[in-house]
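Sequences listed follow chains A and B, in order. Just so we're aligned, residue 1 is where the first sequence starts under our numbering, counting upward by one. Just so we're aligned, residue 1 is where the second sequence starts under our numbering, counting upward by one.
Read the hints as simulated data drawn from the structure, not as lab findings. Keep in mind that a hint or two might mislead.
[As the list claims (entries may be wrong)] Listed next, the in silico DSS-like pairs over lysine-lysine satisfying Cα-Cα at most 27 angstroms (straight line):
#	chain 1	residue 1	chain 2	residue 2
1	A	104	B	4
2	A	47	B	4
3	B	5	A	104
4	B	5	A	153
5	A	151	A	104
6	A	151	B	37
7	A	47	B	22
8	B	5	A	157
9	B	78	B	111
10	A	157	B	4
11	A	104	B	13
12	B	4	A	80
13	A	47	A	80
14	A	87	A	104
15	A	153	B	14
16	A	9	A	47
17	A	157	A	104
18	A	9	B	41
19	B	4	A	153
20	B	22	B	5
21	B	13	A	153
22	A	80	B	14
23	A	86	B	111
24	A	9	B	37
25	A	104	A	86
26	B	4	B	22
27	B	37	A	47
28	B	169	A	157
29	B	41	A	104
30	A	9	B	22
31	B	111	A	80
32	A	151	B	78
33	B	5	A	80
34	B	4	A	151
35	A	157	B	41
36	B	4	B	14
37	A	80	A	104
38	A	80	B	37
39	A	151	B	41
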Amino acid sequence: MEIQNDPLKTVFELLIREKLNLYRAIAIKIVNSAAEADDAVQCALIKAWQRRMSFRSEQAALSGWVARIVVSESYDILRKRMRENKKLEGYETVCADGENPALKQLNQAIELLPEFYRETVHIAILSELNTEAAAMELGCSANTLYQRIHKAKSLLKEIIGGLENE
Amino acid sequence: MNDKKLDELLALKKSVSGDFSKSTAEFSRDFFAQIEKQSRKRFNYLAWAAGFIILLGVTAFMLSLLKKPDVPYNPCAKLAETVRLFGREVAVIFLGNELVTGERDSSSLPKNFIDIDLATNGGELNLALACADNDSIMFDSPQYSGSIIASRCDDRTLVLDVDLTFNGKHLRTAIPVIQSNNNCYVQSELL
């Protein structure tokens with residue numbers, strides 16, 4: 001079917017119009033680069049397009065699914081960049097979080113979280129969404145999300161404590 | 001690390017923002033252009049694959065035409081050739097796939113080529129022989145022995161008097177044969 005005639009084209013146009021800023025905000029906090037953030041968001045949207053038939057009857061779930069994939073794609077881009085940087089001798093990884101060692105530690109800790117809680121941190125804590133809106137994105141109740149946030153923060157403190165002791 | 005410190009760090013990280021060069025409309029346009037490009041690529045792969053399969057099919061068809069055509073089995077030709085090899089004095093008979101040679105009474109050229117199936121207890125046994133219009137053939141091989149007497153009835157019909165012994169069995173029968181084409185004779189249906 002031609003894309004112009006695809007009935008889900010309008011759905012995706014609306015999704016981009018309403019949620020692009022949210023997806024960009026999620027991505028940039030991981031990759032710290034606007035260009036790479038846009039790459040991550042576009043990859044996530046392309047994956048969603050390829051699976052669009054499964055979202056035909058569950059369009060509300062589409063936005064949350066894309067948000068989670070943005071997190072995943074962003075980390076893939078970040079790891080790829082770090083691997084490429086390691087190949088270059090004498091090149092130090094520069095992070096837009098500056099040389100703040102505490103922030104570097106936080107980044108490391110977030111990356112070490114299980115995927116489920118990593119998504120919670122990026123979508124519910126670090127994004128512009130309030131808890132109720134984030135709960136809608138993640139397809140759970142606000143109470144459930146409060147518990148997840150609490151658990152994610154506990155895990156972060158544990159991991160950071162471990163990193164400080166190394 | 002305590003909760004307060006962690007919250008401060010998270011708030012600091014939350015403040016990170018970026019300067020995006022593309023507007024929402026531009027991003028949307030680029031996204032659908034990418035989708036279109038991927039869709040065309042997929043179509044091209046399918047078109048190439050289909051073209052390749054069609055080409056394979058055409059090639060296979062063309063090669064099949066080059067194959068040597070099957071030569072149809074012609075018992076008359078086989079008998080004629082065997083007579084040519086053995087000469088007119090020798091009687092040539094095919095029983096099943098076995099060539100049996102024997103003696104002929106007639107000195108005439110064995111120009112009648114007969115191909116029939118004998119009904120035996122064990123099933124049908126193919127009998128093919130070359131004989132003259134009125135001929136008497138006797139044969140004796142390890143597997144088959146007996147005699148066949150051919151008599152011409154009219155322009156198109158011969159009668160064979162077959163006396164055959166094989167595998168411990170004995171067969172005695174009279175079979176009319178009718179001309180099918182040229183010098184070939186086949187079993188005639190008795191009316």
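Status of the hints after comparison with the structure:
1. A:104 x B:4: holds, 18 angstroms
2. A:47 x B:4: Violated, at roughly 38 angstroms.
3. B:5 x A:104: holds, 14 angstroms
4. B:5 x A:153: The given pair, whose Cα atoms are some 11 angstroms apart, holds under the 27 angstroms limit.
5. A:151 x A:104: Holds - the C-alpha atoms of residue 104 (chain A) and residue 151 (chain A) are around 21 angstroms apart, at most 27 angstroms.
6. A:151 x B:37: Not OK: residue 151 (chain A) and residue 37 (chain B) at ~43 angstroms, beyond 27 angstroms, violated.
7. A:47 x B:22: Measuring from Cα to Cα gives roughly 21 angstroms; hence the hint holds.
8. B:5 x A:157: holds, 10 angstroms
9. B:78 x B:111: holds, 13 angstroms
10. A:157 x B:4: holds, 11 angstroms
11. A:104 x B:13: holds, 10 angstroms
12. B:4 x A:80: violated, 33 angstroms
13. A:47 x A:80: Given pair residue 47 (chain A), residue 80 (chain A) holds - Cα atoms ~19 angstroms apart, limit 27 angstroms.
14. A:87 x A:104: Given that 27 angstroms is the threshold and the Cα spacing comes to 21 angstroms, the pair holds.
15. A:153 x B:14: Between residue 153 (chain A) and residue 14 (chain B) the Cα gap is close to 15 angstroms, so the pair holds against 27 angstroms.
16. A:9 x A:47: holds, 14 angstroms
17. A:157 x A:104: With Cα atoms ~14 angstroms apart, residue 157 (chain A) and residue 104 (chain A) stay inside 27 angstroms; holds.
18. A:9 x B:41: holds, 19 angstroms
19. B:4 x A:153: holds, 11 angstroms
20. B:22 x B:5: violated, 36 angstroms
21. B:13 x A:153: holds, 14 angstroms
22. A:80 x B:14: holds, 23 angstroms
23. A:86 x B:111: Cα-Cα ~96 angstroms, so violated.
24. A:9 x B:37: holds, 15 angstroms
25. A:104 x A:86: The given pair, whose Cα atoms are some 17 angstroms apart, holds under the 27 angstroms limit.
26. B:4 x B:22: Cα-Cα ~37 angstroms, so violated.
27. B:37 x A:47: Answer holds: residue 37 (chain B) to residue 47 (chain A) is near 14 angstroms, not above 27 angstroms.
28. B:169 x A:157: violated, 103 angstroms
29. B:41 x A:104: violated, 41 angstroms
30. A:9 x B:22: Holds, because 20 angstroms separates the two Cα atoms, which is no more than 27 angstroms.
31. B:111 x A:80: violated, 91 angstroms
32. A:151 x B:78: Violated - the C-alpha atoms of residue 78 (chain B) and residue 151 (chain A) are around 94 angstroms apart, more than 27 angstroms.
33. B:5 x A:80: violated, 30 angstroms
34. B:4 x A:151: This hinted pair holds, its Cα atoms lying about 16 angstroms apart.
35. A:157 x B:41: violated, 48 angstroms
36. B:4 x B:14: Answer holds: residue 4 (chain B) to residue 14 (chain B) is near 15 angstroms, not above 27 angstroms.
37. A:80 x A:104: Roughly 18 angstroms separates the two Cα atoms, so the pair holds.
38. A:80 x B:37: The given pair, whose Cα atoms are some 25 angstroms apart, holds under the 27 angstroms limit.
39. A:151 x B:41: violated, 45 angstroms
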